[in-house]
Amino acid sequence: DAGVTQSPTHLIKTRGQQVTLRCSPKSGHDTVSWYQQALGQGPQFIFQYYEEEERQRGNFPDRFSGHQFPNYSSELNVNALLLGDSALYLCASSSFRDGGNTIYFGEGSWLTVV
Amino acid sequence: GIQVEQSPPDLILQEGANSTLRCNFSDSVNNLQWFHQNPWGQLINLFYIPSGTKQNGRLSATTVATERYSLLYISSSQTTDSGVYFCAGNTGNQFYFGTGTSLTVIP
Numbered sequence: 002d003a004g005v006t007q008s009p010t011h012l013i014k015t016r017g018q019q020v021t022l023r024c025s026p027k028s029g030h031d032t033v034s035w036y037q038q039a040l041g042q043g044p045q046f047i048f049q050y051y052e053e054e055e056r057q058r059g060n061f062p063d064r065f066s067g068h069q070f071p072n073y074s075s076e077l078n079v080n081a082l083l084l085g086d087s088a089l090y091l092c093a094s095s096s097f098r099d100g101g102n103t104i105y106f107g108e109g110s111w112l113t114v115v
Numbered sequence: 350g351i352q353v354e355q356s357p358p359d360l361i362l363q364e365g366a367n368s369t370l371r372c373n374f375s376d377s378v379n380n381l382q383w384f385h386q387n388p389w390g391q392l393i394n395l396f397y398i399p400s401g402t403k404q405n406g407r408l409s410a411t412t413v414a415t416e417r418y419s420l421l422y423i424s425s426s427q428t429t430d431s432g433v434y435f436c437a438g439n440t441g442n443q444f445y446f447g448t449g450t451s452l453t454v455i456p
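Line by line, the protein sequences give chains D and U. Quick note: the first sequence uses the numbering used here, first residue 2, plus one each step. Quick note: the second sequence uses the numbering used here, first residue 350, plus one each step.
Extracted from the complex, chain D is given alone in its bound form (with noise of 0.2 Å):
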């Protein structure tokens, strides 16, 4: 039973680049959230998606885009990157069959922007 996966694992970007990171959902999960990490605090709703659709948006600006493909993997892409941007970015499945009760995290992406 595959897991969340999330890529890369770690990357360093120069401000005012752009970065794609992407997330598989674990199997038999149709929704995914993505979470931003800060160093010292707990993981910030980013947005999330379900029917390849932004179904709830968190208050980060318009740089943070993200998609969902049909095969329920997702992609994040954060524009016109700032020194703020570095942090951990995960990524949350689950399953709007199952009422989206429990969520299940990758290992995340750590992004460095210099």
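To be clear, the hints were calculated from the coordinates, so they are not data collected in a lab. It is possible that part of the hints are untrue.
Quick list of the computed label-pair ranges, beta carbon to beta carbon [stated by the list, open to error]: (1) S375(U) / L40(D): 20 to 26 Å; (2) E53(D) / A366(U): 48 to 54 Å; (3) R98(D) / K403(U): 22 to 28 Å; (4) T453(U) / T103(D): 23 to 29 Å.
Note that CB positions come from ideal geometry on N, CA and C, so glycine has one too.
Fit chain U to the given chain D structure using the hints.
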């Protein structure tokens, strides 16, 4: 949004000791969960516990939904228990996390 307060923020234990971690929510949430974040960053599910009490080995959790808090008990702690513990609950599609309890278990 919902505020989640976790206490204590930091905890250092001798191996074999017991501990209680607490999580308070500013408003009612659904689907309360406890997670353990390992040193590599992955959040591992410990309990799905919207109400009541559950036990899994040395760990147990209790949620009193009407009073908007949850407790995580760790008994006979081991060095592998070290890491950060988070609670989270959702309203709608968004889960709200606390700032975590950082646990260090020393041999």
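Hints versus structure:
1. Judged by the Cβ atoms, the range 20 to 26 Å given for S375(U) and L40(D) holds: they are separated by roughly 24 Å.
2. Separated by about 49 Å at the C-beta atoms, E53(D) and A366(U) satisfy the suggested range of 48 to 54 Å.
3. Between R98(D) and K403(U) the Cβ separation comes to about 23 Å, which falls inside the hinted range of 22 to 28 Å.
4. Between T453(U) and T103(D) the C-beta distance comes to about 28 Å, which sits within the given range of 23 to 29 Å.
The structure shown violates none of the earlier numbered hints.
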